[in-house]
Amino acid sequence: MSLPSTAAPPGRRLFTARRLPALLMILIVGILVVAPLLRIVLATLTPGGLEAWQAVLASPMSPNLWWRPLLNTLILGIGVSAGCLLLGGFTAWLVVMTDVPGRRLLGVMHTLPFMIPSFAAALAWGTLFRNSRMGGSSGFFESNGFLIPDWLAWGIVPVLIVLIAHYYSLAFTIIGAALSSVGADLVEAAQMTGARRPRIFFGIVLPVVTPALVSAGSLTLAGAVANFAAPALLGLPVRMQTLSTRLFGMIEIGQAERGFVLALLLIAVSGVFLFLSDRLVSGRRAFVTVTGKGGRTRRFPLGKWRWPLCALGFGLAGLTTVVPVLVLVASSLAPQTGALFSNWTLHFWLGEGGGQIAQGTAGIFRNPVLIGALVNTLKLGVTVALISMVLGLALAHTITRNKGTVLANVLSQLAFLPLLIPSIAFAAAYIALFGAPLGPLPSLYGTFTLLVMAAAAHNLPYAVQAGRSVLGQIATDLEESARLTGAGPLRRMWAIVFPLAIRGLLAGAILVFVKMVRDLSLVVLLFSATSPVLSMVAYRYAAEGFMQFANAITVLILVICLAASLIAQALQARVQKWKE
173 MSLPSTAAPP GRRLFTARRL PALLMILIVG ILVVAPLLRI VLATLTPGGL
223 EAWQAVLASP MSPNLWWRPL LNTLILGIGV SAGCLLLGGF TAWLVVMTDV
273 PGRRLLGVMH TLPFMIPSFA AALAWGTLFR NSRMGGSSGF FESNGFLIPD
323 WLAWGIVPVL IVLIAHYYSL AFTIIGAALS SVGADLVEAA QMTGARRPRI
373 FFGIVLPVVT PALVSAGSLT LAGAVANFAA PALLGLPVRM QTLSTRLFGM
423 IEIGQAERGF VLALLLIAVS GVFLFLSDRL VSGRRAFVTV TGKGGRTRRF
473 PLGKWRWPLC ALGFGLAGLT TVVPVLVLVA SSLAPQTGAL FSNWTLHFWL
523 GEGGGQIAQG TAGIFRNPVL IGALVNTLKL GVTVALISMV LGLALAHTIT
573 RNKGTVLANV LSQLAFLPLL IPSIAFAAAY IALFGAPLGP LPSLYGTFTL
623 LVMAAAAHNL PYAVQAGRSV LGQIATDLEE SARLTGAGPL RRMWAIVFPL
673 AIRGLLAGAI LVFVKMVRDL SLVVLLFSAT SPVLSMVAYR YAAEGFMQFA
723 NAITVLILVI CLAASLIAQA LQARVQKWKE
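In terms of our numbering, the sequence shown opens at residue 173 and continues consecutively.
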């Protein structure tokens, strides 16, 4: 007599106690990331959406809606990527592989430009090089008798320069890390065989750092393609459109379907470049440079070029970091752009308003709108940082504890999907999903809730990576021991994982906070009069010609970001203090 089978049906095996957390995390990430993307695709498949596809791709309006913005976007992406590789590669070689004086200080200075918002550099450029073509006040140079041509004041050239100055430090960081892995034994072996410096560079150093070059090039290209601030501030006044600015314009004037089509096309353009860069790296030979023997970096003597290259390195760092900040500070204190360094006043900071300066507008700390924007910005940054870190820790814990399973792989891919989506396109997807009532859920467009949801979802990859790095330091036997004593998943997370990971999580949360405070591309579509933030208010002031107010707000953003970054570095330095 055979006993009845007690095995669970195949359909029910999926919902075991061990798999339930992973399934719950997949559901949450699906709602935050996948659902908006599906909604924006479905919105473009309606009759109105199909008409939008035709209008964008195959109509007399196509050159203005798609082809010219695409061409400008590609020129910016490729140009910024090439410029960043040249500047970032040169500075990384100078700092890592030569005996240039002041290497440590030089390395720190070349990491700072990426911390400064791209719209800060664009505002500084406009303060210096703005000409009278668009009316309003001239920039510093034209006001002092210098003739500034249109191509240098507006359009694709200044946007290229500003974006290269902003993103090259990202390339510097990536390439510098790769160059530091080139061991001295490889270089010394080549020198012993009589190889000269060009041969060593092209035969040893370049092949080893090629993956880093490709990674740096693809990341800077993706950043330039998705950037909204610099093209909007320096390109829109002369009708130079990119895909991001055209997308913003379509949604702003109520042409939502065309905006959604452009968002999908922008995602496709970014995805193609990232896919090609991934194939380029995966299809090449790998070189092992880190072994168990230990190694050191070989530094080439510069000889007579030591001090000239030192001056060049510090000059580049000063132009991309110190000069923009000084220009912004001086402009926020100067009554006129043409006299940046004289007759300073605190009116744009503390003025009561009602006078002759700035059409009677009060200073930023006496303006209720700006004070509200400051409060909203801090509240948004703190809320998004906390939500991102809690959700990132839960996702990272689920992925690491279920490593190798299908659910963990699916969850990991979904969690890192926002990396492939430009910020402004991600915001458009959220408008498509939550811009109208969804069942019992009311429309969230223009609310603080929608800002938080979109920002938390877009920052998931950074939060998950921070969670993974912290969990990698916590042994699994601690949780296993607690499980054997009867502690449930929430109890183990609260009593063991969270206390051990708190400092690392706080450091990651502060970095997300900094990203939110200075981000413009994500909030530009979700901004409303009821939820103003500093970056958007600064952009509005700049677009209306109130450059001193825009620059003062930008300086305030820089101060907040710098203070938060210093706190994050201090916390990261103490992440493992509990081990002592």
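The hints are simulated quantities; they were obtained by calculation from the structure and are not laboratory data.
Mixed in with the good hints there might be a few duds.
In silico lysine to any residue, SDA-like type, Cα no more than 25 Å apart, as pairs [what the hints assert, rightly or not]: (1) Lys687 - Leu342; (2) Lys687 - Ser514; (3) Lys687 - Pro704; (4) Lys476 - Val495; (5) Lys687 - Val495.
Keep in mind the model is a prediction, meaning the values are calculated, not measured.
Is the Cα-Cα distance between Lys687 and Leu342 25 Å or less?
-> The hint holds at about 14 Å.
Between Lys476 and Val495, is the straight-line Cα distance small enough, at 25 Å or below?
-> At roughly 28 Å apart (the allowed maximum being 25 Å), Val495 and Lys476 break the hint.
Decide if the proposed pair is consistent with the structure: Lys687 and Val495, CA atoms, cutoff 25 Å inclusive.
-> Within the cut-off at roughly 22 Å; holds.
25 Å limit on alpha-carbon distance, applied to hinted pair Lys687 and Ser514 = 34 Å, violated
Sort out whether Pro704 lies within 25 Å of Lys687, counting only the CA atoms.
-> 17 Å, holds
The structure does not agree with the numbered hints 2 and 4 stated previously, though it agrees with the rest.
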